[in-house]
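Could you put the whole structure together from the sequences, leaning on the hints where they help?
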Amino acid sequence: MPELPEVETTRIGIAPYILGETVARITIRNRNLRWPVSRRLQRELPGQQIRKVDRRGKYLLFHAERGCMILHLGMSGHLRVLQSKTAATAHDHVDIEFASGATLRFNDPRRFGSIHWTMKDPAQHALLKHLGPEPLGEDLQGDYLFQQSRKRRQAVKSFIMDSRIVVGVGNIYASESLFAAGIHPQRGAGRISLARYTALVDEIRNVLKLALARGGTTLRDFVDGDGRPGYFRNELKVYDRTGLPCLKCGQPIKQLRIAQRSSFYCSCCQR
DNA sequence: ATGCGGACCTGTTAGC
DNA sequence: TGCTAACAGGTCCGCA
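First residue of the first sequence? That's 1 in my numbering, and the numbers climb one at a time after it.
Heads up, a few of these hints could be off.
As the list claims (entries may be wrong) - In silico BS3-like cross-links for lysine-lysine, where the CA-CA straight-line distance does not exceed 30 Å:
1. Lys52 / Lys151
2. Lys120 / Lys151
3. Lys237 / Lys254
4. Lys85 / Lys129
5. Lys52 / Lys209
6. Lys237 / Lys209
7. Lys151 / Lys254
8. Lys52 / Lys129
9. Lys209 / Lys254
10. Lys237 / Lys248
11. Lys129 / Lys151
12. Lys209 / Lys129
To be verified - Label-pair distances were calculated between CB atoms; the ranges are:
13. Thr198 / Ser100: 39 to 49 Å
14. Pro16 / Asn206: 24 to 34 Å
15. Ser84 / Asn171: 55 to 65 Å
16. Arg110 / Gln83: 46 to 56 Å
If you are wondering where the hints come from, they were derived from the structure by calculation, not from laboratory data.
Note that the Cβ used here is the ideal one computed from N, Cα and C, for glycine as well.
Next comes the structure, spelled out in structure tokens:
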């Protein structure tokens, strides 16, 4: 479900309801997410106020007074704020209940998501420590990608989806930004010029920003913290458009698998 | 060191 | 219509 725009849409959607609120209780119905939900979270977060809701890559950071809850939505995870008592349904694994009566509910059918608790600087957490720069910040520049990619034979699509290189570029937006930049997804990362990486960085930003403005992409089931779908699906130029005419040249969009992920491109517009 | 495949899960869809 | 296989928005780990 979520790439960076969906995670950010979720953050923006839920933050107003939980900022400044005090956690009253945490109910865990199924602890077995990608990693077991820590018992320390359940023990230590109640009684604390949520001071800030941040995002790092696709991780959401809930800063409390003493400690930080780190949450990843995985492939199918979803957060909602419920204003009143609502019966749990299938895959409602964790509830963070607030003194106000509101509940932050984590639902995740595939359980690829995870929830962690740290009392240190979350940036030093093992899962966050080695993350690359944010694509919407100043640190991501064409020359950075150019330098990092030298001597790498890996497909450029896998390269930009590597969170150690840059965070937040998932399978949809990798295909979309490579199309916009006119780069073939299978081209070796080390065989792309500085000028083309500069163009690619621009397109990664454009695609992510537009997706964010549309509230993310809803393919099947993504909804934001208020239950609304995202509308970026209407803007997709290549993703899931196999066989349909390229919107630039009219040739049919092609599909191939790169590192076990479906990849979409136009063989005429992308080299 | 880099890069690949496998693994973790359930739900939906395509194809026979 | 019903069964089965393939696939799905992520990413860590272990092995070559």
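Do the hints match the structure? See the list:
no.	hint	in the structure
1	Lys52 / Lys151	violated (41 Å)
2	Lys120 / Lys151	violated (36 Å)
3	Lys237 / Lys254	holds (12 Å)
4	Lys85 / Lys129	violated (37 Å)
5	Lys52 / Lys209	holds (22 Å)
6	Lys237 / Lys209	holds (15 Å)
7	Lys151 / Lys254	holds (27 Å)
8	Lys52 / Lys129	holds (20 Å)
9	Lys209 / Lys254	holds (25 Å)
10	Lys237 / Lys248	holds (9 Å)
11	Lys129 / Lys151	holds (24 Å)
12	Lys209 / Lys129	holds (25 Å)
13	Thr198 / Ser100: 39 to 49 Å	holds (47 Å)
14	Pro16 / Asn206: 24 to 34 Å	holds (27 Å)
15	Ser84 / Asn171: 55 to 65 Å	violated (36 Å)
16	Arg110 / Gln83: 46 to 56 Å	violated (27 Å)
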